[in-house]
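Number of protein chains: 2
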Amino acid sequence: MGRVVIDVMPKPEILDPQGKAVVGALPRLGFDAFVGVRQGKRFELEVEGEVTPEVLDQARAAAEKLLSNPVIEDVVSVRAAEAQA
Amino acid sequence: MGRVVIDVMPKPEILDPQGKAVVGALPRLGFDAFVGVRQGKRFELEVEGEVTPEVLDQARAAAEKLLSNPVIEDVVSVRAAEAQA
Numbered sequence: 001m002g003r004v005v006i007d008v009m010p011k012p013e014i015l016d017p018q019g020k021a022v023v024g025a026l027p028r029l030g031f032d033a034f035v036g037v038r039q040g041k042r043f044e045l046e047v048e049g050e051v052t053p054e055v056l057d058q059a060r061a062a063a064e065k066l067l068s069n070p071v072i073e074d075v076v077s078v079r080a081a082e083a084q085a
Numbered sequence: 001m002g003r004v005v006i007d008v009m010p011k012p013e014i015l016d017p018q019g020k021a022v023v024g025a026l027p028r029l030g031f032d033a034f035v036g037v038r039q040g041k042r043f044e045l046e047v048e049g050e051v052t053p054e055v056l057d058q059a060r061a062a063a064e065k066l067l068s069n070p071v072i073e074d075v076v077s078v079r080a081a082e083a084q085a
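Just so you know, the sequences run in chain order F and D. Residues 1 to 85, numbered by the numbering used here, are exactly what the first sequence covers, in order. Residues 1 to 85, numbered by the numbering used here, are exactly what the second sequence covers, in order.
One should not assume that every hint holds.
Same chains, same names: a pair is fine if it fits in one copy or spans any two.
Here are the simulated lysine to aspartate or glutamate pairs, EDC-like style, with alpha carbons at most 16 Å apart [unchecked claim]:
| hint | residue 1 | residue 2 |
| --- | --- | --- |
| 1 | K41 | E73 |
| 2 | K65 | E48 |
| 3 | K11 | E73 |
| 4 | K20 | E46 |
| 5 | K11 | E64 |
| 6 | K11 | E50 |
| 7 | K41 | D74 |
| 8 | K65 | D32 |
| 9 | K11 | E54 |
| 10 | K41 | D16 |
| 11 | K11 | D74 |
| 12 | K65 | D16 |
| 13 | K65 | E13 |
| 14 | K20 | E50 |
| 15 | K41 | D57 |
| 16 | K20 | D32 |
| 17 | K20 | D57 |
| 18 | K20 | D74 |
| 19 | K11 | D32 |
| 20 | K11 | D57 |
| 21 | K20 | E64 |
| 22 | K41 | E54 |
In short, the hints are calculated from the structure, not lab data.
When you get a sec, could you build the whole thing from the sequences and use the hints?
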């Protein structure tokens, strides 16, 4: 069983209210090391068998067409991952 | 400017309605390679200066306490990332 991991993040110039909420909450919990937070999405797509170059091509196309909104988000990574339990 | 990347995914035994919606939509768009999808979250935490072991410790603690719900989610990765623009 192969697995493709896709990371989608809000574009840098787009306001990220979830990230802003996190960066405001961190110091209240005693975490003072962080000056900025962005929150995005991570998808794990399972395939039967191996992650072939054709599967990666499909995953890249799906990331652009379905998993991200290209107006406000960037697909930052599409890669094969080791299968997990 | 350093950066810590944190990945949070729904636990395998937990129903993931967003992932289910994606896995249903993929074949309708012609993407037939995928048999399962899980959708999680990806956080990028920015720090002034370098990502030290202390910063990573704080990031790990924040991931468990604030960024994930341990009942339904697993923190699958906390790591330093190269700084981007």
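Now for the hints, and whether the structure bears them out:
1. K41 <-> E73: both (10 Å within a copy, 14 Å between copies)
2. K65 <-> E48: neither (22 Å within a copy, 35 Å between copies)
3. K11 <-> E73: within (5 Å within a copy, 25 Å between copies)
4. K20 <-> E46: Between copies only: 12 Å across, 32 Å inside.
5. K11 <-> E64: within (14 Å within a copy, 26 Å between copies)
6. K11 <-> E50: For K11 and E50, the Cα distance exceeds 16 Å both inside one copy (31 Å) and across copies (23 Å).
7. K41 <-> D74: Both. Shortest intra-copy (10 Å) and inter-copy (14 Å) distances satisfy the 16 Å Cα cut-off.
8. K65 <-> D32: between (38 Å within a copy, 14 Å between copies)
9. K11 <-> E54: This pair counts as neither: shortest intra-copy Cα distance 27 Å, inter-copy 28 Å.
10. K41 <-> D16: both (12 Å within a copy, 14 Å between copies)
11. K11 <-> D74: within (6 Å within a copy, 25 Å between copies)
12. K65 <-> D16: Neither. Shortest intra-copy (21 Å) and inter-copy (21 Å) distances fail the 16 Å Cα cut-off.
13. K65 <-> E13: neither (21 Å within a copy, 28 Å between copies)
14. K20 <-> E50: neither (39 Å within a copy, 22 Å between copies)
15. K41 <-> D57: neither (19 Å within a copy, 23 Å between copies)
16. K20 <-> D32: So K20 and D32 pass the 16 Å test inside one copy only (15 Å; across, 37 Å).
17. K20 <-> D57: Classified as neither; 34 Å inside a copy, 21 Å across copies.
18. K20 <-> D74: neither (18 Å within a copy, 22 Å between copies)
19. K11 <-> D32: neither (25 Å within a copy, 28 Å between copies)
20. K11 <-> D57: neither (22 Å within a copy, 27 Å between copies)
21. K20 <-> E64: Cα proximity of K20 and E64: none, with 25 Å in one copy and 18 Å across.
22. K41 <-> E54: neither (23 Å within a copy, 26 Å between copies)
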